[in-house]
Amino acid sequence: MKNILGREVPDNIKGYGEVKHYGGYLASKGTKTKRSIKLTNVLPGDEKLHDNLDVVLDKLPLKDGMVVSFHHHLRNGDFVLNMVMEKIAARGYKDITIAASSIFPCHGELVELIEKKVVTSIYAAYISGPVADAISAGKLENPAVMHTHGGRARIMESGDLSIDIAFIAAPTSDDYGNINGVDGKSACGALGYAYTDAETADITVAITDNLVEYPNTTIDIPQTLIDYVVVVDAIGDPNGIVSGTTQITKNPIGLKIANMTTELIKNSGYFKDGMSFQTGAGGVSLAVAADMKAEMIENNIKGSFASGGITGYIVDMYKEGLFKSLFDVQCFDLAAIKSAKENPGHMTMSASMYANADNKGSVVNKLDVVILGATEIDTDFNVNVTTTSDGTIMGGSGGHADTSAGAKLAIIVTQLANSRISAIKDRVTALTTPGETVDVIVTERGIAINPKRTELIERLKETNLPIMTIEQLKDIAEGMTGKPKEVEFTDEIVAVIEYRDGTVLDVVRKAK
Amino acid sequence: MLRRSMLFMPGNNPGMLQTAEVFGSDSIILDLEDAVSLGEKDAARILIKGALKTFNYGTTEVVIRINPFSTPYALEDIDVMARLKPNAILLPKATPEDMKKLDEMLTKIEKEEGFEEGSIRIHALVETTYGVETVYETIKMSSRVDSVCLGGEDLAADLGVARTKDSEELFYARTKVVNACKALKIDAIDTPFTDTNDEAGLLADTIHAKKLGFTGKLSINPRQINTIHKVYSPTADEISWANRVMYAKDEAEKEGLGVFSLDGKMIDAPIITRAMNTLNTARVIGLIK
Numbered sequence: 001m002k003n004i005l006g007r008e009v010p011d012n013i014k015g016y017g018e019v020k021h022y023g024g025y026l027a028s029k030g031t032k033t034k035r036s037i038k039l040t041n042v043l044p045g046d047e048k049l050h051d052n053l054d055v056v057l058d059k060l061p062l063k064d065g066m067v068v069s070f071h072h073h074l075r076n077g078d079f080v081l082n083m084v085m086e087k088i089a090a091r092g093y094k095d096i097t098i099a100a101s102s103i104f105p106c107h108g109e110l111v112e113l114i115e116k117k118v119v120t121s122i123y124a125a126y127i128s129g130p131v132a133d134a135i136s137a138g139k140l141e142n143p144a145v146m147h148t149h150g151g152r153a154r155i156m157e158s159g160d161l162s163i164d165i166a167f168i169a170a171p172t173s174d175d176y177g178n179i180n181g182v183d184g185k186s187a188c189g190a191l192g193y194a195y196t197d198a199e200t201a202d203i204t205v206a207i208t209d210n211l212v213e214y215p216n217t218t219i220d221i222p223q224t225l226i227d228y229v230v231v232v233d234a235i236g237d238p239n240g241i242v243s244g245t246t247q248i249t250k251n252p253i254g255l256k257i258a259n260m261t262t263e264l265i266k267n268s269g270y271f272k273d274g275m276s277f278q279t280g281a282g283g284v285s286l287a288v289a290a291d292m293k294a295e296m297i298e299n300n301i302k303g304s305f306a307s308g309g310i311t312g313y314i315v316d317m318y319k320e321g322l323f324k325s326l327f328d329v330q331c332f333d334l335a336a337i338k339s340a341k342e343n344p345g346h347m348t349m350s351a352s353m354y355a356n357a358d359n360k361g362s363v364v365n366k367l368d369v370v371i372l373g374a375t376e377i378d379t380d381f382n383v384n385v386t387t388t389s390d391g392t393i394m395g396g397s398g399g400h401a402d403t404s405a406g407a408k409l410a411i412i413v414t415q416l417a418n419s420r421i422s423a424i425k426d427r428v429t430a431l432t433t434p435g436e437t438v439d440v441i442v443t444e445r446g447i448a449i450n451p452k453r454t455e456l457i458e459r460l461k462e463t464n465l466p467i468m469t470i471e472q473l474k475d476i477a478e479g480m481t482g483k484p485k486e487v488e489f490t491d492e493i494v495a496v497i498e499y500r501d502g503t504v505l506d507v508v509r510k511a512k
Numbered sequence: 001m002l003r004r005s006m007l008f009m010p011g012n013n014p015g016m017l018q019t020a021e022v023f024g025s026d027s028i029i030l031d032l033e034d035a036v037s038l039g040e041k042d043a044a045r046i047l048i049k050g051a052l053k054t055f056n057y058g059t060t061e062v063v064i065r066i067n068p069f070s071t072p073y074a075l076e077d078i079d080v081m082a083r084l085k086p087n088a089i090l091l092p093k094a095t096p097e098d099m100k101k102l103d104e105m106l107t108k109i110e111k112e113e114g115f116e117e118g119s120i121r122i123h124a125l126v127e128t129t130y131g132v133e134t135v136y137e138t139i140k141m142s143s144r145v146d147s148v149c150l151g152g153e154d155l156a157a158d159l160g161v162a163r164t165k166d167s168e169e170l171f172y173a174r175t176k177v178v179n180a181c182k183a184l185k186i187d188a189i190d191t192p193f194t195d196t197n198d199e200a201g202l203l204a205d206t207i208h209a210k211k212l213g214f215t216g217k218l219s220i221n222p223r224q225i226n227t228i229h230k231v232y233s234p235t236a237d238e239i240s241w242a243n244r245v246m247y248a249k250d251e252a253e254k255e256g257l258g259v260f261s262l263d264g265k266m267i268d269a270p271i272i273t274r275a276m277n278t279l280n281t282a283r284v285i286g287l288i289k
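Note that the protein sequences, when read in sequence, are chains A and B. Once you know that position 375 of the first sequence is 375 in UniProt numbering, the rest is easy, because the numbers rise by one and skip nothing. Once you know that position 89 of the second sequence is 89 in UniProt numbering, the rest is easy, because the numbers rise by one and skip nothing.
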């Protein structure tokens, strides 16, 4: 059937089950129940610490069809997922479901396990690299489930997906499982996604390469949530975990988009004392942060908080007093990690606190302005950040749909036309974020405001900003690139795109 | 037209040709000369031809820099490009002799193509010592000339001196070019500032050139446009002053006064002209309605 966004989504999907169709971004409000978690006493004198992963695996109730979770704070330098899955595969287990907060190119070894049916299901908020290619090619037994960062917390807390065993990459731990991410050779900063895993899994295993004496003096994830601690040589490659510095774009088009975005924010009505703000680590996002910093200083604006994945640029704004505090679910660079360790106002948070729609209030609900990217946008303001225009999976929502729903002003920044490809289409190839939660599209050639935001349109009329309709933007783009040919797909569904409330927005089909 | 900034874009880069006008420069110069290697001259001509037929550059002035007459490429550049009817041709290493040749060729092509005579304009890029010494004659050679642009890098090489950040070596050329342009009422466009990462240096250099009388600046990177425009656009104080001058003029005319003063200073025709120019510029760039 066609859902309310006009996407063709079956009522029941093989390997996924019954579909709850998307009903609007607030349709799932109401009273919810949390899953009850199994708990095994750790008694006085019991040892959690082991120096060998095999010894720990011997103690775990491993079985075919189990669900294991991983988190992605070590990003493209993560060793833990491959390390654990290699041993599980060697023991002959099959039909494993992996719930990873994100999967990166470094996890390419999973492809072989997918082909051998060791891994048959994957849940993630973001998938890129060889695993994404394998899923797009239809190699995974069941459709991948692509949720949001907040949706992942919700799915675990509700029990829609029960985690049997969580493997926590712990940059520093003591022998009783007090973990932090800010110390050690594999420091990655905030452990926001891992916190949710530790809280909701039946069994948790902390894997560390930096064992410290009890008690660890900085605790992000406490001993009360950890069953086992195992020490290995290395949990990750520092070169892939973080970049030394993230860089503002030097691309003039990106800079122009950033300048226009800042001008828009300045005139939006949200640019005032107490404002809250989120932007990513991309070059354009950082350029917006740099422009915003200058404008806040010039206009003597003091913000309330900045949130999300934190970068050195946002830390600088905090240090200069432009934001009172930072809410950090994952650190993007070394400066952010250092700040998370040193600054009391730099607060780490769980994925649930960050973006879960089914709790008593997540941080995204308190956001004034968020800057987000897009691969494609359609004339209903729906956004695709899951696939490329040819239908191959190359990312996913992450916090995109969460922040877009929560923030008062959700701004999408994108280059209107990149060589032969227009960013604005009649219909996005895959739908990640519903247009009803998107307020503004900023491109180098013009700005389109969601017609529902009449007060914003009125407010921005008096500026010199090139405001136009999204149809006009599309016409400009197609004038340069021509109308793109539609990609042809088979009926085979390779991924299901869940909204933050667990309803299904769209499916990704295998391209012909 | 307003010509605060003229931005060079390589003629052999499709992506840049597609986005040439989005940076807001008043003119774009699609380059067939220095930015294009010898083996790509043909390809660049074809790309520019395709770009001018495909893309809508709106109100941005489209200028094509041809290769100099001293190269084997100039004649074909002119023959192909002029038939595309760009707003203007930028003549490199401009001299009176080359200006005459270009003017004659353009007149011939305009006749053949049925274009209005004189509709293809010329900007003269002065970048040799001979070019500097003969700049007045060069401008006088064709009624098509809308501006002289100064090319500091080539000129310094011809002078046998090093380019410096404060451009002291260009002082004579700068003032000579400005004087010739002012005498013949055309635009004087300053040399580009080549350190694209030095925004403060660009700002200082542009302010200095404006003080010498330049009306705009060449640019080699889109990131320089905002800074150049900042210098060559009227400030809020200048707009306010111009409004007050025009108001005082209207009041004086109502009272039948031929001469009047503002803030204790006599206002005469040149000051009124300056105020009108300020307001016109502010209107064109959308600072006032």
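No lab work stands behind these hints, which were simulated from the structure alone. These figures come from a predicted structure and were not determined experimentally. Please note: incorrect hints may appear among the correct ones.
[Said to hold, decoys possible] Quick list of the computed label-pair ranges, beta carbon to beta carbon: (1) B:V259 - A:K319: 21 to 27 Å; (2) A:M1 - B:T54: 40 to 46 Å; (3) A:D54 - B:N197: 51 to 57 Å; (4) B:D198 - A:K32: 53 to 59 Å; (5) B:D250 - A:T454: 36 to 42 Å.
[As the list claims (entries may be wrong)] Straight-line C-alpha distance at most 30 Å; calculated DSSO-like pairs for lysine-lysine: (6) A:K20 - A:K461; (7) A:K38 - A:K2; (8) A:K483 - A:K360; (9) A:K38 - B:K210; (10) B:K49 - A:K272; (11) A:K485 - B:K210; (12) A:K266 - B:K41; (13) A:K483 - B:K289; (14) A:K272 - B:K53; (15) B:K53 - A:K483; (16) B:K289 - A:K510; (17) B:K41 - A:K250; (18) B:K53 - A:K485; (19) A:K250 - B:K85; (20) B:K230 - A:K266; (21) B:K289 - A:K250; (22) B:K289 - A:K461; (23) A:K293 - B:K230.
Cβ coordinates follow ideal geometry from the N, Cα and C atoms, glycine included.
Here is what the structure says about each hint:
| no. | hint | in the structure |
| --- | --- | --- |
| 1 | B:V259 - A:K319: 21 to 27 Å | violated, 59 Å |
| 2 | A:M1 - B:T54: 40 to 46 Å | holds, 42 Å |
| 3 | A:D54 - B:N197: 51 to 57 Å | holds, 54 Å |
| 4 | B:D198 - A:K32: 53 to 59 Å | holds, 57 Å |
| 5 | B:D250 - A:T454: 36 to 42 Å | holds, 40 Å |
| 6 | A:K20 - A:K461 | violated, 40 Å |
| 7 | A:K38 - A:K2 | violated, 39 Å |
| 8 | A:K483 - A:K360 | violated, 45 Å |
| 9 | A:K38 - B:K210 | violated, 76 Å |
| 10 | B:K49 - A:K272 | violated, 49 Å |
| 11 | A:K485 - B:K210 | violated, 50 Å |
| 12 | A:K266 - B:K41 | violated, 45 Å |
| 13 | A:K483 - B:K289 | violated, 37 Å |
| 14 | A:K272 - B:K53 | violated, 46 Å |
| 15 | B:K53 - A:K483 | holds, 17 Å |
| 16 | B:K289 - A:K510 | violated, 54 Å |
| 17 | B:K41 - A:K250 | holds, 28 Å |
| 18 | B:K53 - A:K485 | holds, 22 Å |
| 19 | A:K250 - B:K85 | violated, 33 Å |
| 20 | B:K230 - A:K266 | holds, 19 Å |
| 21 | B:K289 - A:K250 | violated, 33 Å |
| 22 | B:K289 - A:K461 | holds, 13 Å |
| 23 | A:K293 - B:K230 | holds, 20 Å |
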